[in-house]
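Here is what each chain is made of, one letter per residue.
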Amino acid sequence: MAAPARDHGVVPDESFDAQVREHDGRVVVTLRGELDMASEADARRALDEAERRSGGPVLIDLGEVTFMGSNGLRALLESVESLEAQGRAAELIASKSVEQVISLAGLEHRFTFRVGRVGADSPDGSRGPDRGVPGPEAG
Amino acid sequence: MDLDRDADDAETGETRRTRVPSSPLAPRQARRWLGWLEGYLPPDRLDSARLMVSELVSNSVMHAGLAEGDAIHVMARADDARVRIIVCDCGRGFELEGRPTRPPPHVHGGLGLWMVDQLADSMKLDGATGRVSFELDRGTAAR
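These protein sequence lines map, in sequence, to chains V and C. Position one of the first sequence corresponds to residue 1 (the numbering used here), numbered consecutively onward. Position one of the second sequence corresponds to residue 1 (the numbering used here), numbered consecutively onward.
Please note that a few of the clues may not be correct.
Examples of chain C residues toward chain V, derived with CB under 10 Å [claimed, not checked]:
1) A26
2) S48
3) E55
4) S58
Derived by calculation from the structure, the hints in this document are not laboratory data. Backbone N, C-alpha and C define an ideal beta-carbon position, used for all residues, glycine too.
Use the sequences and the hints to build the structure in full.
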């Protein structure tokens with residue numbers, strides 16, 4: 001039997017980053033890293049700030065999210081529903097990890113996915129609830 | 001903490017155990033700890049294992065009635081055929097009849113255990129002790 005593994009110490013919080021800015025008439029929320037219980041509060045603050053910034057559309061960029069669990073999915077879903085209740089468009093850029101969890105939860109129809117990154121020279125490839133397979137730029 | 005009561009009498013492969021203190025960081029610590037399984041699972045299955053352990057540890061932190069810093073036990077055993085992972089918190093336990101059901105889309109939360117059941121090749125629940133174990137076949141194609 002292998003020796004018991006050492007317990008890990010505190011994991012530094014460089015594992016997550018949240019930014020909110022405006023670009024091309026939209027509010028862009030960019031989340032990077034691991035979206036889990038530890039970072040859920042920061043993610044929610046960023047999403048709430050995006051709602052407060054303006055009354056226009058919002059792009060939630062999770063293209064560099066390396067992990068998302070059900071905590072993050074819940075925050076994401078609540079934010080999108082809140083925006084839609086206000087009549088605001090909400091688009092999502094999803095990494096492979098994010099797409100897999102959304103698909104596993106059977107919630108693809110609840111999001112409008114955007115192919116391509118903010119500021120990238122790519123066509124406006126928004127995909128609504130009947131979206132097909134994501135393009136190579138996503139994730 | 002007896003995490004091995006479902007183990008075969010002849011122990012093969014590699015077994016490791018850890019305790020993560022209950023806190024919002026516990027799921028992340030548990031995911032990190034699973035890194036040693038890189039030699040036993042392909043990347044996509046290891047990602048699934050990390051997601052499942054993260055969900056189970058999150059449930060322990062949120063629902064087991066643990067105080068900050070209380071131990072959440074994680075054990076993983078890898079042999080030639082499969083990886084078995086056990087998460088146990090010895091908290092207030094939980095009640096569940098039958099297999100987890102997918103919560104309705106408008107109900108936020110409750111997805112964690114259902115997702116584990118969807119991803120695992122097999123899963124066992126012991127609500128009385130807050131013990132959940134699941135297995136991933138090493139040779140199965142990625143989910």
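Interface restraint verdict for S48 (chain C) against chain V (beta-carbon cut-off 10 Å): Given a least distance of 9 Å, the restraint on S48 (chain C) holds.
Under 10 Å, Cβ to Cβ, is where S58 (chain C) needs to be relative to chain V, so tell me if that hint holds or is violated. It holds, given that the least Cβ distance between S58 (chain C) and chain V is near 5 Å, below 10 Å.
With 10 Å as the cut and Cβ atoms as the points, is E55 (chain C) at the interface with chain V? The hint holds - E55 (chain C) has a Cβ within 10 Å of chain V, the shortest such distance being about 6 Å.
Would the hint on A26 (chain C) stand, with a C-beta cut-off of 10 Å toward chain V? 8 Å, holds
Taken one by one, the earlier hints all hold for this structure without exception.
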